[in-house]
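**Q** Okay, here's what each chain looks like letter by letter:
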Amino acid sequence: MILQGKRVPLPSAPVVHHRFEAHAAANPRAVAVCCAGQQLTYAQLDARANRFAHFLRTRGHGRGAKVGVCLDYSPDMLVAILGTLKAGAAYVPLDPSYPAERLRLLLGQVPGLSLIVASPTTAGLVEPAAVEVVDLQWLAAHLEDFPVTSPDVMVTGDDVCYAVFTSGSTGTPKVTAVRHEGWFNLLNWLTVEYGLHAGSHNLVVSAFGFDLSQRSLLMPLFCGATQYLMASRNFDAAMAYRMLNQHDIRVVNCASSTLYLLVDWETARGGDALTRLDYMLFGGEPLQAERLLDWARREGNSCTLLHQYGVAECTDVATSFDLAGYRPGDHDIPPVGRPAHNTDIHLLDERMREVAAGEYGEICISGTSVGAGYLGGTGPESARFTTVEVDGEPRRLYRTGDRGRVNEEGDLVVAGRMDAQVKVRGMRIDPADVERALGRLAGVRQAAVVVDRAASGETELVAFIEPAGDDLVENDVRARLLQALPRNMVPARFLNVPRIPLSPHGKADRAALSAEFLD
Amino acid sequence: MIADSVRAIWCRELQRDDISVDDNFFALGGQSLIMAKIQGEFIEELGIEVPMDQLFLNPTVASISAYIESLGTVTR
Numbered sequence: 211m212i213l214q215g216k217r218v219p220l221p222s223a224p225v226v227h228h229r230f231e232a233h234a235a236a237n238p239r240a241v242a243v244c245c246a247g248q249q250l251t252y253a254q255l256d257a258r259a260n261r262f263a264h265f266l267r268t269r270g271h272g273r274g275a276k277v278g279v280c281l282d283y284s285p286d287m288l289v290a291i292l293g294t295l296k297a298g299a300a301y302v303p304l305d306p307s308y309p310a311e312r313l314r315l316l317l318g319q320v321p322g323l324s325l326i327v328a329s330p331t332t333a334g335l336v337e338p339a340a341v342e343v344v345d346l347q348w349l350a351a352h353l354e355d356f357p358v359t360s361p362d363v364m365v366t367g368d369d370v371c372y373a374v375f376t377s378g379s380t381g382t383p384k385v386t387a388v389r390h391e392g393w394f395n396l397l398n399w400l401t402v403e404y405g406l407h408a409g410s411h412n413l414v415v416s417a418f419g420f421d422l423s424q425r426s427l428l429m430p431l432f433c434g435a436t437q438y439l440m441a442s443r444n445f446d447a448a449m450a451y452r453m454l455n456q457h458d459i460r461v462v463n464c465a466s467s468t469l470y471l472l473v474d475w476e477t478a479r480g481g482d483a484l485t486r487l488d489y490m491l492f493g494g495e496p497l498q499a500e501r502l503l504d505w506a507r508r509e510g511n512s513c514t515l516l517h518q519y520g521v522a523e524c525t526d527v528a529t530s531f532d533l534a535g536y537r538p539g540d541h542d543i544p545p546v547g548r549p550a551h552n553t554d555i556h557l558l559d560e561r562m563r564e565v566a567a568g569e570y571g572e573i574c575i576s577g578t579s580v581g582a583g584y585l586g587g588t589g590p591e592s593a594r595f596t597t598v599e600v601d602g603e604p605r606r607l608y609r610t611g612d613r614g615r616v617n618e619e620g621d622l623v624v625a626g627r628m629d630a631q632v633k634v635r636g637m638r639i640d641p642a643d644v645e646r647a648l649g650r651l652a653g654v655r656q657a658a659v660v661v662d663r664a665a666s667g668e669t670e671l672v673a674f675i676e677p678a679g680d681d682l683v684e685n686d687v688r689a690r691l692l693q694a695l696p697r698n699m700v701p702a703r704f705l706n707v708p709r710i711p712l713s714p715h716g717k718a719d720r721a722a723l724s725a726e727f728l729d
Numbered sequence: 040m041i042a043d044s045v046r047a048i049w050c051r052e053l054q055r056d057d058i059s060v061d062d063n064f065f066a067l068g069g070q071s072l073i074m075a076k077i078q079g080e081f082i083e084e085l086g087i088e089v090p091m092d093q094l095f096l097n098p099t100v101a102s103i104s105a106y107i108e109s110l111g112t113v114t115r
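Chains as they are written, first to last, in the working numbering: chain A, 211 to 729; chain B, 40 to 115.
Simulated from the structure, these hints should not be mistaken for lab results.
Since we're looking at a predicted model, the values are computed, not measured.
The beta-carbon is built from N, C-alpha and C at its ideal position, and this holds for glycine as well.
Mixed in with the good hints there might be a few duds.
[Stated by the list, open to error] Covered stretches of chain A (in silico footprint by chain B; criterion: 3 or more residues with CB under 8 Å from a CB of chain B, positions within the stretch not fixed):
1) 354 to 368
2) 443 to 449
3) 471 to 480
[What the hints assert, rightly or not] A few chain B residues that face chain A, going by a derived Cβ cut-off under 8 Å, partial list only:
4) 63
5) 75
6) 79
7) 84
8) 86
9) 88
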């Protein structure tokens, strides 16, 4: 079974920042970014990004280089991102809401990092680093020596534009690279399919490390619209809702859990800022549609809810579904819809043969959105990027590890993972990665992490700990783990067990633990 | 006392009654979605909007209460 996306021709150099530059040339005085009272026009943002691109090039960081960006949301973040792209390099988001220990581990996964852009409030998270750390504020006077014109670096659709961290399957996070052509195709598809335009102002509400945040950051600049950024390291619902009320924001991209939060906020306090939006694009975890339906049916609600599916390895979004077409009861699981332009969804069995219509298979993605793979990838995960033959032609394809089927309406439905990976509040997590961090804590002999469902319906992690001595105190273990892992990766519950049962292969038997200790 | 109101809100949202003023929110199992609810209840019950970044920087009842008092704008 193959779901085929519409074939749409792309320009000969499908490069995202060229689209931004065209808007800057056509409408230089349009506002590109607003953040905490600061704003930059398209011309100002373009000039500052050009100067930073020239700076990178004089340091020898041009085409093919990788630049780490560890910044809070700010106009400078867009200067760093666009400047990096204009230099022909790729950027790597380093989320300042992560603990320093985690950022150090992630930095170790990026081969050949050139430089890190930080600020006085984030530099301490990445220093000491093996590479130069620069601060745009501190560099400001020096940057004025560089020309405001584009460095005109040749960039092709096959060059890498960004690389984001994602879970592996063996306890080590991976950094997966996205190509310009895939990113251009994604933004062009959303723009064309949903009629986005120079008035489609956007508010970023997701953490910088997520792949969806890269789309959210560039989407308005691709359309000639204004980007609104929150001057907050952590998602702030009160601030977001206030900004939605104050500004003519039309589009929000977020994880489903953030969407519930915003909808609950509006429902609890009254207001119509969300219902007045044009679009909310969301996904990244199984949808609890019942949490949205009452709000969605409110009279006068003109916001289109786009339930989307995708993986970081294939440029973030692969399919999209207008939730207005969802009839609860018809399906248990809300569909994620049809493929992006120039993207195909294959449903394959374990021998890589297509399954029959309506049957479950592994969701595999081919086409323009397939990324450049894992940087420095030698692990077993790299084998997920493979080739299949379709109509006698070889096609590059990525095996997502997600299970799904195509329903009678021709929409994709995602049924879950084929392995132990799990999504918590939109973040894809490899339980082995958490087990490894637990295993490094003093007093832990061995640990196993399993997935459970909280009473609220949300997915949560439960850690089983075999202590080396006395039983460990839950709050103490949690506090220590918070020094090593992002908050979404820290289990909700910790249970001491006398012994972690092992499977015949000698691995922790997660199924046996769940069966014995969880309902 | 602000701290009493703050503690009552924390106990409600974390669904436990054994919270001391120096317990760390995250060590108690709190996460961002619960913190967002607490932010909302501060608005409703204390009449003050505390920025999320401040809630994260002050993860104990004692420190966030001190922060709120330092603003000096609470009237009830």
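**Q** Check whether three or more residues of the region 471 to 480 of chain A sit with their beta carbon closer than 8 Å to a beta carbon of chain B.
**A** Coverage by chain B holds here, the residue count being 4 at a Cβ distance below 8 Å.
**Q** The hint names residue 88 of chain B as touching chain A; please verify it with the least Cβ-Cβ distance against 8 Å.
**A** Holds, about 5 Å.
**Q** Does residue 75 of chain B hold up as a contact with chain A if the rule is Cβ-Cβ below 8 Å?
**A** holds, 5 Å
**Q** Would you settle whether the hint for residue 79 of chain B is holds or violated, based on the nearest Cβ-Cβ distance to chain A being less than 8 Å?
**A** holds, 7 Å
**Q** Can you verify the interface hint for residue 84 of chain B: is its Cβ closer than 8 Å to any Cβ in chain A?
**A** violated, 13 Å
**Q** Are there three or more residues in the region 354 to 368 of chain A whose C-beta lies closer than 8 Å to some C-beta of chain B?
**A** It is violated, with 0 qualifying residues against the three required.
**Q** Restraint: residue 63 of chain B near chain A, CB-CB cut 8 Å. Satisfied or not?
**A** holds, 6 Å
**Q** How does the region 443 to 449 of chain A fare against chain B when you require at least three residues with a CB closer than 8 Å, holds or violated?
**A** holds (count 7)
**Q** Can residue 86 of chain B be said to touch chain A, with a Cβ gap under 8 Å?
**A** violated, 13 Å
Of the numbered hints listed earlier, those contradicted by the structure are 1, 7 and 8.
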